[in-house]
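If you read the protein sequences in the order shown, they are chains A and B.
All letters in the first sequence, in the order written, are residues 61 to 344 by this note's numbering.
All letters in the second sequence, in the order written, are residues 1324 to 1567 by this note's numbering.
Do not rely on the hints blindly, as some may be mistaken.
To be verified - Derived coverage of chain B by chain A (criterion: at least 3 residues anywhere in the stretch with Cβ under 8 Å from a Cβ of chain A; other residues may be distant): (1) 1389–1403; (2) 1457–1463; (3) 1531–1543.
Claimed, not checked - Here are some chain B residues pointing at chain A (derived, C-beta under 10 Å): (4) L1382; (5) Q1452; (6) H1454; (7) G1484; (8) T1499; (9) D1500; (10) T1505.
Think of the hints as simulated: they come from the structure by calculation, not from any bench.
Beta carbons: idealized from backbone N, C-alpha and C, even for Gly.
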Amino acid sequence: MSCGVNGLRRPITSGHDGRDDQLEVHVKKFSILAAILALSGLQSSVAIAQHGMPGGTPMTFFVTSEPIGDGGNLGGLAGADAHCQNLAGIVGAGDRIWHAYLSTQARSDQPAVNARDRIGTGPWYNFDGVMIARDVAHLHGDTLELARLGNNLTKQSGLTEKGQIVPGLNDYKHPRDGDWEYVRTTPYSNRHEVLTGSQTDGRAFSEEFDYTCDNWTSNGDPDPGQPPTGLAAGPGRPNAQIGFPDRNGGGDGSWNSSHGTRGCSQTSLVRTHGVGKLYCFATN
Amino acid sequence: MRKIIRWVLISPLLVLTALNTAFTQDSENMPDSQDIPSSLMTFFVTSEPIGDGGNLGGLEGADGHCQALAAAVGAGDKTWRAYLSTQARPGQPAVNARDRIGSGPWFHSRARLIDYLGRQLNRPIIQSQIHGDTLVEAQRGSNMTKEFSLTEHGELVNGIGDPLPNRHDILTGSQTDGRAFTDSEDRTCNNWTSNDEGSAQVGHSDRVGNGNMSWNSSHATTGCSQNDLVSWGGVGLFYCFAVD
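From just these sequences and the hints, can you work out the full model?
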C-alpha cells in the first residue's frame, strides 16, 4: 500500500535497485488510489495512519512540512528543536527526542555547535522506512569514497513528517515562486532550501561572517545601501547557509551546504526558493 | 428564440477563444532556440543503446556510437568519447574513463536554456567536481543531476519513479573516481566485448538507487546480456563527452 501524498507525484523507492519493477507497478496503481483519496479529502488521515508503514522501520528523519515562519529567527536551537518535536508529535512520533540539523557559530561567551554532533548516531529512516544514512560518516561523506558515493537522501527519500516530497527546483515553476505571498498559498511551488548553517562536513563555519542568521535569532536583512554580495556571506550581512533535499540546485546539489541566502527575513529566504524548512533527526 | 440570440452572441466569442488557444499552442510548438539542442552540447547520455548487452565492440565501438548519435543531431563536428574504463590485460594497460574525456567543463544539450527569470540555469559539469577529487568537492557534489543528464535529443532518461522501463543504469566500468578497477573481477563485460558472461559496473543517471547517489559507480550487474542489463534497471546506455 502506498503512503498518501498531498498531490505530488510520489514514486515509492525501496532504496535498492532494478528488480522490483513489478512492485513498482502495483505501487503506482495505489498511488492513483491515494491521489483519489487525497482529492476526496481523506488523505491526511491516511498519511498519518500509515506513518511508519506496517512492518516498516519507525521514522527517525524528516524535513519539516512547515517552517516556523519568521525567517532565520527560529528561537535559537531550542526553538528549532521544539518545532521538530512538535511536528513529530502531531504524527505520532513524539516519543523520540528530535533535534534540528543546525549549527551555531562561536561567540565570545559560547563555543560553536556542529549540526553533525546533535543528531545521534543513526541509522536514520524516513517516513517510508527508507534509510537516509547508516551513520554520521555516511550522512556527511567523511571519507573520499563515502563522499563520492553519497548518502541516500534524494528527492524521493527526503520526505516530510507527513510523507510528502518537498517541492524542488523544477516543480511548478512560476514567475512568482520567489514571492512569499505566492509561496505561502501555493504548497507545490519550489521550497527546497533547507536551513543548516553548516559546512559540507556538518560543522559550523569558523569565519566571523554570519552563516546562521545570528545563531538562529535574526530575521533581519542586509541594509539596502550595502553593495550586493550575491549569496555569499559578508561583513554585517545577515545570512544562512542552506542545502537541498532534492539534491538539485546551486550547481552542486549539496544536501547541507550549497550557498547562502539574500537575508534572514521570511521574504528573503523565499527569494531563492526556501521557506525556512529544517531537517529533523531523532537522536534516540 | 431568446436562446438562439444568446448563442449568436456567444458563439463568436467561443470561436475567438478557440482560435486564440490554437494560435497559442501553435506558437508553443514552433521551434525556437530553446527547443533545439544547443550546438554548445559537449555531454549527453546516449538516447539508445547499441543493443547487444555489454558487447559494445570495445571502446572503439562505443566511441563510434557516441559519434554517430551526435552527428544525427548536428554535433558530429566534435570528437566524442564514451565514458568507459577497460581493465588491464596481459600486454595491455587499463584505461580510465576519466582520462578519455578531455578536461571540460561540459554542457548538456540545453546549455543555453534561460529560465523564466532570465537566469541561465544548468551550469556545466566540471572534471574535478563530478569525480569528487577533493573531500569538499566530493561532499558538495556536482551539477550532474537527472535534469542535467539529458540525451543528445535533450530528453530526460527515465529513472526510478518514471514510467517503465527504467533506463537509469549507465555503463561505466569505473570506480567512483573514474578509474578502472584493479582487482581481477570483471567490471567491464570483458572490456566491452561480452554479451553473455561477466559483469558491468554502472552508475545511475537519476542519482537514485542502491542506497547511494553515484552517477558512475553505484553497483555491478550480474551478466552482460541485454536481458541481464534490463533486469538490473538499464538498457546499456552510456555517457558521451566531447573532448574538444
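Do the hints match the structure? See the list:
no. : hint      : result
1   : 1389–1403 : violated (count 0)
2   : 1457–1463 : holds (count 5)
3   : 1531–1543 : holds (count 10)
4   : L1382     : violated (23 Å)
5   : Q1452     : holds (7 Å)
6   : H1454     : holds (7 Å)
7   : G1484     : holds (2 Å)
8   : T1499     : holds (4 Å)
9   : D1500     : holds (7 Å)
10  : T1505     : violated (14 Å)
Of the hints listed earlier, those the structure fails to meet are numbers 1, 4, 10, in rising order.
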